[in-house]
Amino acid sequence: MPVRNNEERSGAKHPDDSSAAVAATEAETTNKGRSAHEKPQQASMSFVVPTEFVDLPSEGRYYPEGHVLHNVDSMEIRFMTAKEEDILTSRSLLKKGVAIDRFLSNIIVDRRVKVENLLVGDKNALLVAARSSGYGAEYNTKVTCPACAETQEYEFDLEQNNIIGFHTNSWQTSKYAGAVTENDNGTFEIALPKSNVTVTARLLTGVDEAKLAKNMKHKSKHAGHETMLTDQFRTYIVAVNGSNQARDINTFVNAMPALDSRFLRAAYQLLAPNIDLTQYFNCDSCGFEQDMEVPFTADFFWPKS
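Counting with this note's numbering, you get residues 1 to 305 for the letters of the sequence shown.
FYI, nobody ran anything at the bench for these hints, they're computed from the structure.
Yeah, the Cβ is synthetic: ideal placement off N, Cα and C, and Gly gets one too.
Any given hint could turn out to be false.
Cβ pair distances, simulated, as ranges [said to hold, decoys possible]: (1) A137 <-> E85: 16 to 24 Å; (2) V238 <-> A210: 35 to 43 Å; (3) Q269 <-> P146: 17 to 25 Å; (4) A213 <-> F53: 22 to 30 Å; (5) D291 <-> M228: 17 to 25 Å; (6) N117 <-> N140: 31 to 39 Å; (7) V68 <-> N185: 13 to 21 Å.
With a Cα cut of at most 25 Å, we get these calculated DSS-like pairs of lysine-lysine [as the list claims (entries may be wrong)]: (8) K142 <-> K304; (9) K211 <-> K114; (10) K83 <-> K221; (11) K95 <-> K221; (12) K175 <-> K194; (13) K114 <-> K95; (14) K95 <-> K211; (15) K83 <-> K95.
Work out the full structure, taking the sequences as your base and the hints as a guide.
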């Protein structure tokens, strides 16, 4: 088989061909017109921010039909970057109390999700995951011993967590299981032991959290005392013995026996889907030991080192 030379294979012609001469002249003209400071354009560098999927404590069960998270059991978030650190350290955002929500909005991949509509437990799970991927799972903060009142530095592991909620085994084996039933609309009927009153409760969202924080700040400044506990009751109780009248709810909250109040707080804390960070604590000063709920202090997103 005859071998074709390069000129035949590529259609190349001899350099003295007229078309080649014209092309060379045009190239020379173009180069002369280019500024001496201009350099050949290079492709820009591209960095892709890693993402991760976070399991939602609610598993999407308690979002209404039509909600973007209805029956969705996980969410994708971006890893924290210097841009998010700017948000967390912004004086104006911190003063307005919106830094954390703005931070979450920035890292949630699905732009249809509104942070203020997230259930509190799902929001907490996203925050813990973001903090772990951003600064590591080791969380060092100051803890006051319940026994001797000594304050000390203590390290918690954010990866040691459990999911709690009405749909989990932890609820089914709790002493409150027999007193609570779930309604089709995502609310719960809770029978109180002392007054024999049945209250209907709903799960709190980011909007509720923001309103409670705003009310607490206002009352501590103007009223001289806080009513966080009863304000929470008024927020998540939607009916008392079937009555959804605000007057009836308010009257009962103000007259609720302490035993019922304690029962309701404990039951609600267990039935609401959330991330449980209860961990072992051992006091260096007095040796006191107990399981302790990991405190969320300024060190959580603003570690000292």
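We went through each hint and held it up to the structure:
Between A137 and E85 the Cβ separation comes to about 18 Å, which falls inside the hinted range of 16 to 24 Å. Taking 35 to 43 Å as the suggested C-beta distance range, the pair V238 and A210 does not conform, at roughly 19 Å. Between Q269 and P146 the CB atoms are about 18 Å apart, so this pair conforms to the stated range of 17 to 25 Å. A hinted range of 22 to 30 Å holds for the C-beta pair A213 and F53, which are about 29 Å apart.
At about 24 Å, the CB distance of D291 to M228 agrees with the hint of 17 to 25 Å. Separated by about 33 Å at the C-beta atoms, N117 and N140 satisfy the suggested range of 31 to 39 Å. Between V68 and N185 the beta carbon distance is about 18 Å. The supplied range of 13 to 21 Å therefore holds. This hinted pair checks out: K142 and K304 have alpha carbons roughly 12 Å apart, not beyond 25 Å.
With a C-alpha separation of about 16 Å, the suggested pair K211 and K114 falls inside the 25 Å cut-off, and the hint holds. Proposed proximity of K83 and K221 is contradicted: the alpha carbons are some 34 Å apart, above 25 Å. About 15 Å separates the Cα atoms of K95 and K221, which keeps this hinted pair within 25 Å; it holds. Pair hint K175 plus K194 holds up; C-alpha atoms about 15 Å apart against a cutoff of 25 Å.
Restraint check for K114 and K95: the C-alpha separation of about 21 Å stays at or below 25 Å, so the hint holds. Simply put, K95 and K211 have alpha-carbon atoms about 16 Å apart, close enough for the 25 Å limit, and the pair holds. The straight-line distance between the Cα atoms of K83 and K95 is roughly 19 Å, inside the 25 Å bound, and the hint therefore holds.
Checked against the numbered hints given earlier, the structure breaks hints 2, 10 and satisfies all the rest.
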